[in-house]
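Enquirer: Following the hints, put chain E in place on chain Z, whose structure we already have.
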Amino acid sequence: MMQKVYRKPKGFYDDFFRNPSPDKKTTHYCPGCGHGIVHKYIAEAIEDFNIGEKTVWVSPVGCSVFGYYYFDCGHQQAAHGRAPAVATGIKRSKPESIVISYQGDGDLAAIGGNEILHAANRGESITVFFVNNSIYGMTGGQMAPTTLIGQKTTTSPYGRNAFNEGHPLKMSEILSQLESPVYVERVSLHDTAHRNKARQAIRKALQIQIENKGFSFVEILSMCPSGWKVSPVDALKWIKENQLPYFPVGVYKDVYSERKTKEITKRVWDKEKIVQALDLDRRIESYPRSKPKKEIFEEPKVKIAGFGGQGILMLGLLLAESAMLTGKEATWIPSYGPEMRGGTANCHVVIKNGKISNPSVDKPDILIAMNQPSLERFEKEVSDQGLIIIDTTLVKKGVSRKDVQVFAQPFADIADKELKNTKVTNTLILGALIGLTGMIDKKAIFDAFKKHITRENLIEVNKKAIDKGISLVK
Amino acid sequence: MAKELIKGNYAVVKAAILAGAETYFGYPITPASEIAEGAALYFPKLNRVFLQAESEVASINMLYGSGGAGVRTMTASSGPGISLMQEGISYAVGSEVPCLIVNVQRAGPGLGNIAPEQADYNQSVKGGGHGSYKLIVLAPNSAQEMCDLTIKGLELSDKYRTPVVLLSDAFIGQMMEPVDFPDPLPQKDQPKKPWATHGTKETMRSIINSIYLEPLEMEDHINRLLSKFKKIQENETMHEEYMVQDAEILLVGYGITSRVLMEVVEIARKEGIKAGLFRPITLWPFPNKRLVELAEKTRDILVVEMSDGQLFEDVKLQANCKKGIHSYTRMGGIVPTSTEILQKVKKIMGRN
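Those protein sequence lines, which keep their order, are chains Z and E. Each residue of the first sequence is one higher than the last, beginning at 23 in this note's numbering. Each residue of the second sequence is one higher than the last, beginning at 1428 in this note's numbering.
In isolation and in its complexed conformation, chain Z is listed as follows (with noise of 0.2 Å):
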């Protein structure tokens, strides 16, 4: 014998147990509402597919706030607005999800308009379903992004108007403009026939999801007696005269079957593939302890200033690493402060057996000065017996201060004139520094070289230049 049996589908609680009311077996929504229509289809839809443990319900900020009473699955409830952000942070974490961002019209088109569009525009893999009765619901009927012209609300009491508030907002018309969505389609509650059509594409931008297809939405023209101020019957017969023409039902996109299914990856999580991936499997050779030439330099704080595109920053660099290869202390910061205007480079790097306290070098042991104005401001800085390096070819007036040490060549020339490349420069006066002081071996200078120097065709010229910085001082 048949038997009829009227339950709820699987895809709602059996007792909405989450529901502070005493009820647990009714919605909180207003009678005539359209919510629970949409919420019953997405609930049969998620039975039919046997998706429940999978998914995780996104709800917005609006009547719809409670999806959590109902649903029998994972909840998150959003920002206002931001739903289309909150599910793409679940479905990237969690790719074989199922995620459903559930949103009204003020949430959607108006506070979360960017969060929507560049879900969609991303083609994230999640389904929204975007219920619009052109009013805000829960905070008392104000005024929607899609309100009608002429349309009475507490916020729009003459009427929306186009000249002071613009034209109703038309998100799928919108959305199905961009390249990525799969599947955009508005369906309407008012008849029988079309909650049939709703019914199927509630189906169908779920059937996206699960063969992971991309952005599906479909736009639900839904009831609001109470907003509207018209009783549950009027209330489907208000759809019919002021929504649709507005808002015309229809497919707006349908690129279903030209879509593949995207492959989901899994984490690696492999230890060596980590370490090799995040460049964390160097070795370091040992080198022999340096020999500073005088104690100044066996702890230096080193300022290093010129033009941008002198390779500065490199030449502190190189140093700061080298340093580091031979067993000590170093850092190295480009520097900030009101001396960094003016189209000028310049970083300070430290070196010391220890930990170092301040890495910011207000007075340095050691200058090396690439062009005028910074000799001219840093000169006097410089610590008692320092040393200071000029660039003759460009730094034509000379060190004026008689307690320091100066070394001064015609680098860029030299570096023109006999290794064929002004870009050396910077290591030619390297290969001076070390040669002076005995900071630093000269084979951990050409180890820096292989992680700072990523064209390899330039490694040759830049030993040459440090050897040749070296043979300058001697």
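Think of the hints as simulated: they come from the structure by calculation, not from any bench. A few of these clues could be false.
What follows is a list of derived Cβ distance ranges for each label pair [what the hints assert, rightly or not]:
{"id": "1", "chain 1": "E", "residue 1": "Pro1507", "chain 2": "Z", "residue 2": "Gln394", "range": "29 to 39 Å"}
{"id": "2", "chain 1": "E", "residue 1": "Lys1628", "chain 2": "Z", "residue 2": "Asn375", "range": "54 to 64 Å"}
{"id": "3", "chain 1": "Z", "residue 1": "Glu285", "chain 2": "E", "residue 2": "Leu1744", "range": "55 to 65 Å"}
{"id": "4", "chain 1": "Z", "residue 1": "Lys374", "chain 2": "E", "residue 2": "Asn1549", "range": "31 to 41 Å"}
{"id": "5", "chain 1": "Z", "residue 1": "Asn375", "chain 2": "E", "residue 2": "Lys1774", "range": "28 to 38 Å"}
Everything numeric in this text was worked out from a predicted model, so none of it was measured. For every residue, glycine included, the Cβ atom is placed at its ideal position computed from N, Cα and C.
Expert: The following block gives chain E in isolation, referenced to the frame of chain Z:
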């Protein structure tokens, strides 16, 4: 693993991956962009997620979704971007979603500039968004700590199910120093999160939510959060001290300022001034117990920072020393030099 000479900003990225971070969502902003760039380079190599969001508003909400789905997640930004995230951070606290937010501080207010300041102190340690809450705020002062505190931040965030802020600055972010990286945390040792929405049968009842319509329920929820913060306050303070035992003047500062202060102590001691350094590493919870102890023994306290005296106000609220609590500040992107601070120290100590 060998030591690597690396920028603080890049150290954050590598450390996060070693700690098991699976997702990075962010929006570029100087001087934090290198963290996004580093994440864009390294996360995809290991099939982890790097996603450049459309805004900071979106990125923090992606963190919310991701942290709520049970994976270690992070973002990085600076001043204006962090301001945009405040709504989402408040939600993450309310819904108890763990995530790591790195703030590489720049100068403000408004567009300001891209040089270092420490003026997001109040925004970070007092909450920053709406509602009664605190954030765990860690303040690194080296590239090594950019690594270590990134890992610590992810751990604390999971331990207490609450967002953690790594409060750095343009100087620490841009500076290169040798860093010792630890071994990666194996997948089996990643914290279990049965409360998260994994999209599995076991977690079907998981809910990430901060709405409690009934005022009594809401109050209970807030009180539960507050008792968690109290526990954090009792157990998680971190600080560093240097030559404080006999200090007559205690210098207080964090981040890059504390590095300069350490040099000031070195020089001052050579000149016969008994100076010491107290550096809070956790800005919230603030290590006030120890500060109060030290303050009682010392004659003067000098708080040095790159803001309008935000840390100074907190120190003054808590500590009492024999003579006076003084403030020295630079702003606009200027890192104070040891010379100028030493002058101030000498003035306080009557040694001109």
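Enquirer: For which of the previously enumerated hints does the structure constitute a violation, in increasing order of number?
Expert: none
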